[in-house]
Amino acid sequence: MQKNLFHLSFDYWEVFLLFIIPALTDISIFIYAFFFLPQNKRNKAFSAFVLLLGIAQALDGIMRLSNTAETAMEWSRISAAPWVFITSFGLLFALRYTKWDRKFSNNLILTFLFLPSILLEFGIIGGLYEVSVEKSELWHWIANPKSTTATNMIYMWNTVTSLVTFVLFWLYYFKVRKDENRRDFSLLIAAGNTIPFVTGITSEVVFPLVLGIEDFPISTPAITIFSVSILIAIVKYKAFDYSPKHQWKNILETMNEGVLIVNNQDQIMYANKAFCEQTGYEFGELKGVIARNLLTDEIESKKKVEQVIKEREDKKSSQYEILIKTKRGQKIWTLISGSPYLDIHGNVIGSIGIHTNISELKLANNELKLFIYKASHDLRGPLASILGLTDLIHHENDKEKIKNYSAMIDYSAKKLDTVLINLAKNMQIKEIDRFDDEINFGELINETLKRFVGYEGFQYISITKEIMLEELFFSNKLIMESVFQNIIENAIKYRDLSFANPWLKISISKIENRIQIVFLDNGIGIEPSFQNRVFEMYFRGTETSKGSGLGLYLVKTAIDKLGGTIEVESKKNNGTKFLISLPVVKSKVI
Amino acid sequence: MKSMSPEIIIIDDDPINNIICTQQIKRKAPDIKIVDFISPLHGLSYITDEHSQRSSASKTILLLDINMPVMTGWEFLDRFDTLCIDIKNNFMIYILSSSFDPIDKNGAKTNPLVKDFISKPLTEGVIITLLKELRK
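Chains as they are written, first to last, in the working numbering: chain A, 1 to 590; chain B, 1 to 136.
It is worth saying that the hints were derived from the structure and are not from the lab. Check the hints yourself; a few may be wrong.
To be verified - Computed list of lysine-lysine pairs in DSBU-like fashion (alpha-carbon distance at most 30 Å, straight line): (1) B:LYS28 / A:LYS403; (2) A:LYS477 / A:LYS577; (3) B:LYS88 / A:LYS401; (4) A:LYS430 / B:LYS28; (5) A:LYS238 / A:LYS249; (6) B:LYS26 / A:LYS403; (7) A:LYS561 / A:LYS493; (8) B:LYS28 / A:LYS369; (9) A:LYS374 / B:LYS105; (10) A:LYS401 / A:LYS430; (11) A:LYS374 / B:LYS115; (12) A:LYS401 / B:LYS26; (13) B:LYS115 / A:LYS362; (14) A:LYS331 / A:LYS287; (15) B:LYS26 / A:LYS369.
Bound conformation, chain A alone (with noise of 0.2 Å):
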């Protein structure tokens, strides 16, 4: 018997190779799956299929190298014995994967699936398993079960458990489908397990008993297509790997905030796309550099990260805000998280850090922290005023007197209100985000000047307006009738009243691809050391002035909200010109 297993010969080397070459590709899933795989149930069950699976296709090609038929007959019935396992462990492995074996318990899983194939083995080893070989042109040697009790039901037993897999990957992929993430991979192993189901009856059932041909025996090597369907999910879809680490080089990659992380020496091993973005660098450009190098000669910036380098090399993990120079020399604010970047064995290896621009956030607080403290007086002032006028009015007898001061409060109120007014404008302004609005300035102006009409010098004053304009501007209505409102105010407000006739021309023409903009008046005009500064926020410019300070510092901020400049040209009693350029938005944004 044991010389008969090794009469063998190469004369079928190709049918040989059709059965060893699905054998070599299914041990090396094995070895894949069973080292370098995370070990779990499912991942364990499907070595052991893929092993098995190896080791019945290598033993099946080593049966038709067999030179007599008795060898053939030999390998052909020890051929049989791993597949009432292969088949125990693939429905094992389905029911793992398609998570129904958490509908059962683990002992009644292992026990319906394998004491039928522990006792079918037995009856395998005991000689029950009975086969007849023949000669065949095409395979050399064909082997064909012989129809007795234990056979069928070893038969029985394969076809079962192979059905009930084929259904459970259907059912899945059916389940899942409607999930992106899980839909391809589940659809590649239901028809991965379906190929080699279909060849198997129409090779092995359609062929021989409807047809007629002579028997295939394909079957056995076709289920390597089901194995390497597997392998194509877990390598390439990640079906087995549920950790969000496939995700995030995705997130990484479009989340607004800088990922980067360096090494030990500080060199920078990974920026993220944000990162450069903020840094104004390409990855490049980064990669090895020293990252304290990124910092601004600000000392306490410096002296942070020289602290914060200890704090990783403890494996303590921080925020902290520093200075950072960008690319082009600019400098921004940047908060860190930081985390020390520690390798599988916990070794810390370097540094990561979720750098967030906070530069425009600072600039907003110092601006808050300025307007508070302004507002506080602009607000304050009047207010203050009516509570002593509140004050007077009750000590105070005289209904004359009285009268007088209930109108100064009532001016006090007004001046308040203007006060309030225009910082709520001021808000809106930089709040806009929408710049279609056609812009006809004939219509705006006269638009604007109708407001005038009661206020207080406006009847004595000229206003001319000079367009030459022929095509359509687009910009934002609110923004510029805030523009020439303020202007035209001032204009009225500060004309020289030692003259007979103040006047205020507008004009507006196209300049080099440049709306221009010119208020020129001959009004008291501002004096030459305060011309830079009359756009500052509550600045006020003359001992006459009684507005809030806020006008110029409006128009300012629109003129700014547009990408637009605005200069201011005066001498002390001789006029005041103020000069706009916008830019062209070439068509209206749909």
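Here the structure of chain A is known, so what remains is to put chain B in place on it, guided by the hints.
Same frame as chain A, now just chain B:
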């Protein structure tokens, strides 16, 4: 030698505040001379003109606003500092402001010319303290 009676000078660009201050002080001390200016420059020239001939026997209180156009309270104090020592010694300067800005309050504390910071509006209690100082 001119009048020797105590005097209170108010410099604030807000005329309403000046009226309130004048009326409140008058209520408590009808005999005190009160002068007010909405222009710091006018105030300064008044001080240089009127006070250079005064004896040091009587004190003068100056209530000074900070946030004024053309010349701020601080700029006023810089100019005031250049006046002769006799005038300066006669003056007790108080900042009278509605500002919350700590820069203004600290400025008032650290400026050797300034005695204290008074928050608007000027109240009866404050006036009584001021008058006590004046009559010391």
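Hints, one by one, checked against the model:
A C-alpha spacing of about 22 Å is found between LYS28 of chain B and LYS403 of chain A, which places the hinted pair at or below 30 Å, so the restraint holds. As the CA atoms of LYS477 of chain A and LYS577 of chain A are separated by approximately 23 Å, the hinted pair is consistent with the 30 Å bound. Taking the CA atoms of LYS88 of chain B and LYS401 of chain A, the gap is about 36 Å. The hint is violated against a cut of 30 Å. Distance check on the hinted pair: LYS430 of chain A and LYS28 of chain B sit about 49 Å apart at the alpha-carbon level, beyond 30 Å; violated.
Between LYS238 of chain A and LYS249 of chain A the CA atoms are separated by roughly 14 Å; this keeps the pair inside 30 Å, and the hint holds. Between LYS26 of chain B and LYS403 of chain A, the direct Cα distance comes to roughly 19 Å. Compliance with the 30 Å bound is thereby established for this hinted pair. Taking the CA atoms of LYS561 of chain A and LYS493 of chain A, the gap is near 26 Å; set against the 30 Å cutoff, the hint holds. Proposed proximity of LYS28 of chain B and LYS369 of chain A is contradicted: the alpha carbons are some 39 Å apart, above 30 Å.
Simply put, LYS374 of chain A and LYS105 of chain B have alpha-carbon atoms about 13 Å apart, close enough for the 30 Å limit, and the pair holds. The hinted pair formed by LYS401 of chain A and LYS430 of chain A fails the criterion: a straight-line CA distance of about 44 Å is larger than 30 Å. For the hint linking LYS374 of chain A to LYS115 of chain B, the alpha-carbon distance of about 23 Å falls within 30 Å, and the restraint holds. Using a Cα cut-off of 30 Å, the hinted pair LYS401 of chain A and LYS26 of chain B holds, with the two alpha carbons roughly 14 Å apart.
Note on LYS115 of chain B and LYS362 of chain A: the hinted pairing is violated, with a Cα-Cα distance of about 36 Å set against a maximum of 30 Å. At most 30 Å may separate the alpha-carbon atoms for a hinted pair to count; LYS331 of chain A and LYS287 of chain A meet this at roughly 21 Å. Using a Cα cut-off of 30 Å, the hinted pair LYS26 of chain B and LYS369 of chain A is violated, with the two alpha carbons roughly 38 Å apart.
The structure does not agree with the numbered hints 3, 4, 8, 10, 13 and 15 stated previously, though it agrees with the rest.
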